[in-house]
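Q: Hey, can you work out the whole structure from these sequences and the hints?
One letter stands for each residue in the lines below.
There are 2 protein chains.
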Amino acid sequence: MEKKGILIVISGFSGAGKGTLVKELMRRHGEYALSVSMTTRNPRPGETEGVEYFFTDKAHFEETIAADGLVEYAVYCGNYYGTPRAYVEEQLEAGKHVILEIEIQGALKIKKKFPESLLVFVTPPSGEELVRRLQGRGTESAEVIEKRLARAVEESEGVEAYDYIVVNDDLGECAEEIHFLVEACRRAPVRRGAFINEIRRQLSGFVKGERE
Amino acid sequence: MEKKGILIVISGFSGAGKGTLVKELMRRHGEYALSVSMTTRNPRPGETEGVEYFFTDKAHFEETIAADGLVEYAVYCGNYYGTPRAYVEEQLEAGKHVILEIEIQGALKIKKKFPESLLVFVTPPSGEELVRRLQGRGTESAEVIEKRLARAVEESEGVEAYDYIVVNDDLGECAEEIHFLVEACRRAPVRRGAFINEIRRQLSGFVKGERE
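Here the protein sequences come in this chain order: A and B. Counting in our numbering, the final residue of the first sequence is number 212, and the numbers go up one at a time with none missing. Counting in our numbering, the final residue of the second sequence is number 1212, and the numbers go up one at a time with none missing.
It is worth saying that the hints were derived from the structure and are not from the lab. Hints may be right or wrong, so weigh each one.
Straight-line C-alpha distance at most 25 Å; calculated DMTMM-like pairs for lysine to aspartate or glutamate [to be verified]:
| hint | chain 1 | residue 1 | chain 2 | residue 2 |
| --- | --- | --- | --- | --- |
| 1 | B | 1018 | A | 2 |
| 2 | A | 112 | B | 1160 |
| 3 | A | 3 | B | 1169 |
| 4 | A | 112 | B | 1116 |
| 5 | B | 1003 | A | 169 |
| 6 | B | 1004 | A | 157 |
| 7 | B | 1003 | A | 129 |
| 8 | A | 3 | B | 1160 |
| 9 | A | 111 | B | 1160 |
| 10 | A | 111 | B | 1163 |
| 11 | B | 1018 | A | 183 |
| 12 | A | 3 | B | 1173 |
| 13 | A | 4 | B | 1160 |
| 14 | A | 18 | B | 1047 |
| 15 | A | 4 | B | 1128 |
| 16 | A | 3 | B | 1116 |
| 17 | B | 1113 | A | 160 |
| 18 | A | 111 | B | 1116 |
| 19 | B | 1003 | A | 176 |
| 20 | A | 3 | B | 1163 |
| 21 | B | 1112 | A | 116 |
| 22 | B | 1147 | A | 198 |
| 23 | B | 1111 | A | 160 |
| 24 | B | 1004 | A | 198 |
A: What follows is the structure, given as structure tokens:
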């Protein structure tokens, strides 16, 4: 199989536990690398530069776009979010599977630009559970819940664009599920090009040998 | 996940061990059913009616075509080969994953008619090994080898049409590999329709409830 890694997009409903899931996947398997997005939004309490995001300003973000330094970017709630190109390319070349934890706008751009990428959508085990998580513990403002809900509706409209939908019921099981989807992906013909060519070369050599 | 089974096409180079592989898969997992093809070719020594094939004549085969009783059929070396519809549909409805062991012409027709089907191509571990198997033990006539070779070349041209290529190096491992490709397939949005609809229904119910 090809040495080059696979580009994996992980999206999902807010409250589906994507972040924890990605951490669990990386803890279990060494061949994954997590891409850190760049954003112009302000850091929230507890967020660390280079861990959750690379925080920057609008001018620098736009310079990076102009220099083709992002594999995708999108605007969400008035802020830029983007995926720095260098890290992704280095890690893929090194054989790592690179995880982008991004939302649907970005996911669709990635699929268009990298048709061989793997798009996984993470969801809670049921619609009821999703609604429960969106509502929170009743401590959030109606405005926050309204925003989350609007986003969930938008996300639910886009799930068909993903290659797979995984249900995050049990954290470990779900991490293994993503891992085996990646393993499946590695068996697609598009990732077996070298092998197919070798087969064809041997067959044509055989034809030649037989006929000579 | 949907209760309905998945239609699986298994093709592969002659000598890749497809038959043994399918038997091993069925021995390990109870949720598979093997479709038996209908053919107008004569039974070979050791072949049993209803096991390797349903043997029939041209007139009956053509009647079956006319009655839309086959999900696909093809002509190979002057004989008809086809997949009886009734068995396939019954088993899928009962939640079994139905395996069709057919060649590329048939595989492409299946994919066109059933886009949700899973096409798996089985290959020996290398081009060298493939050539070795095509050559056999030196006991076959040049004509037989020539025919096998021509077929292998044709097959090698078609592999990109398959969803996955699996290498049959170790029988048990390869059977498990096919099993997990089927499991992956079950997580595609197209097979999660009911789940997606339930999510959407719950979200829209939530919107209504919130706004009232």
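Q: For this structure, which hints from the list above don't hold up?
A: Violated: hints 14, 16 and 24.
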